[in-house]
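Novice: Here is what each chain is made of, one letter per residue.
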Amino acid sequence: MLNILWPVFIILSFVYALISGRVNEVNNGIFESLSDAVELSMTFLGTICLWNGIMEIMKKTTLIKKLTNLLKPFVNFLFPDLKRNEIAKQEISMNMIANILGLGNAATPLGLKAMKTMQKENSRKDTLSNAMMMFIVLNTASIQLIPTNVIAIRTSLNSGNPTSIIAPVWIATIIAGLVGILITKILIKKVK
Amino acid sequence: MANLINYLSGVAIPVIIMLIILFGLKEKVEVFDTFLNGAKEGIEIVFKMFPTLIGIFLAVGLLRSSGIIELICNLITPLTNLLEIPSQIMPLAILRPISGSASMAVAVDIMKNYGVDTLIGIITSTIMGSTETTFYTIAIYTSSVGIKKTRGILVAALAADIAGIIASVVICRILS
Chain D
1 MLNILWPVFI ILSFVYALIS GRVNEVNNGI FESLSDAVEL SMTFLGTICL
51 WNGIMEIMKK TTLIKKLTNL LKPFVNFLFP DLKRNEIAKQ EISMNMIANI
101 LGLGNAATPL GLKAMKTMQK ENSRKDTLSN AMMMFIVLNT ASIQLIPTNV
151 IAIRTSLNSG NPTSIIAPVW IATIIAGLVG ILITKILIKK VK
Chain A
193 MANLINYLSG VAIPVIIMLI ILFGLKEKVE VFDTFLNGAK EGIEIVFKMF
243 PTLIGIFLAV GLLRSSGIIE LICNLITPLT NLLEIPSQIM PLAILRPISG
293 SASMAVAVDI MKNYGVDTLI GIITSTIMGS TETTFYTIAI YTSSVGIKKT
343 RGILVAALAA DIAGIIASVV ICRILS
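Which chain is which? The protein sequence lines are D and A, in order.
At position 4 of the first sequence (counting the first as 1) the number is 4 in my numbering, and the numbers step up by one without a gap.
Every number in my numbering is 192 more than the matching position in the second sequence, counting from 1.
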């Protein structure tokens, strides 16, 4: 996918910048993007190592079984292919819990770990498996109990009622999630 | 209520870390050695995904700085008018799937200009809360395990985003 999209994005941008006379902005944009990527990776390195370490401890305790049991019906429904892969299901459950609690920093490292585990069972190493597809869509759907980031921004902008958006966010997230799950289920059947 | 939620989100992470370590101690896990083993794996994950991040950020940065995103916003105005999506939120709707920091900056900008508690402000907040940085999420999840063929997952994720954005507009209009 990116082998096509990536060059198209870049070439279109250059051509449009030439036409509209924004070559200088584009020049600055290149180097800004690079330092943004480095900065993000550095921040990431810290949080990923932290959460990987903490979760390694958690996996050795009974806490993890309690949490996975809680999410079991939901996970089994969405990931029928992972019936016997307990480790993958545990890691998926942990990622979901971090997402629901709004701990984006923790959710991504946990999610990447789950991907690694699912990749071990994947018969075609260069192609997404069914379970991976469903997992990625769930992670792009931003399923969270309390949208803490947005509430923080609303508070900082002196909103009279910063938390008023919680209910609309729930409804919109559920609709987006259902559409994502439905289309993924179709893609799993149609695209091999 | 707002203060309570802010407080809870502030203490959530320290409390979770402490709880897990306490559980580990109670069940006689060698907590520090275990922590190190896990952390080591983290380095590997970041290492693997760094080249993808550079590539994605470059493309997104170019799209933004060249003005193409503005152009697309203008081009689809007739369609968004048809769906009664306020034109002020279009830059956000387009940036949201491709860049977290850029869409956050645009959202703050919109709310500063049109008010936080106005219909536009509330729609903006709802979109930010109910959608994710789709491109980026797909890129890091697939690149971290070296996957090239994604079986059209982008279509499913973008359809979910569009549904989320339209739902945000409709719900906020009904509630206000």
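Since the hints were made in silico from the structure, they are not lab data.
Some hints could be false.
[As the list claims (entries may be wrong)] Pairwise CB distance ranges, derived in the manner of DEER restraints:
#1 Thr-47/D with Leu-311/A: 33 to 43 Å
#2 Leu-217/A with Ile-100/D: 37 to 47 Å
#3 Val-203/A with Pro-7/D: 44 to 54 Å
#4 Asn-266/A with Lys-190/D: 42 to 52 Å
#5 Asp-81/D with Thr-310/A: 19 to 29 Å
#6 Ser-293/A with Val-23/D: 21 to 31 Å
#7 Phe-14/D with Pro-206/A: 24 to 34 Å
#8 Glu-39/D with Glu-236/A: 44 to 54 Å
[As the list claims (entries may be wrong)] Derived DSS-like pairs (lysine-lysine); straight-line CA-CA distance at most 30 Å:
#9 Lys-341/A with Lys-83/D
#10 Lys-190/D with Lys-220/A
#11 Lys-218/A with Lys-240/A
#12 Lys-83/D with Lys-192/D
#13 Lys-83/D with Lys-65/D
#14 Lys-66/D with Lys-192/D
#15 Lys-66/D with Lys-116/D
#16 Lys-185/D with Lys-240/A
#17 Lys-72/D with Lys-304/A
#18 Lys-304/A with Lys-59/D
#19 Lys-240/A with Lys-120/D
#20 Lys-232/A with Lys-189/D
#21 Lys-341/A with Lys-60/D
#22 Lys-232/A with Lys-116/D
#23 Lys-340/A with Lys-120/D
#24 Lys-240/A with Lys-59/D
#25 Lys-340/A with Lys-60/D
#26 Lys-116/D with Lys-341/A
#27 Lys-340/A with Lys-65/D
#28 Lys-340/A with Lys-185/D
#29 Lys-65/D with Lys-341/A
#30 Lys-125/D with Lys-60/D
#31 Lys-125/D with Lys-240/A
#32 Lys-59/D with Lys-220/A
Virtual Cβ for every residue (Gly too), placed ideally from N, Cα, C.
Novice: Does the structure break any of the earlier hints, and which numbers would those be?
Specialist: 2, 4, 5, 7, 8, 10, 11, 14, 17, 18, 20, 21, 25, 27 and 29
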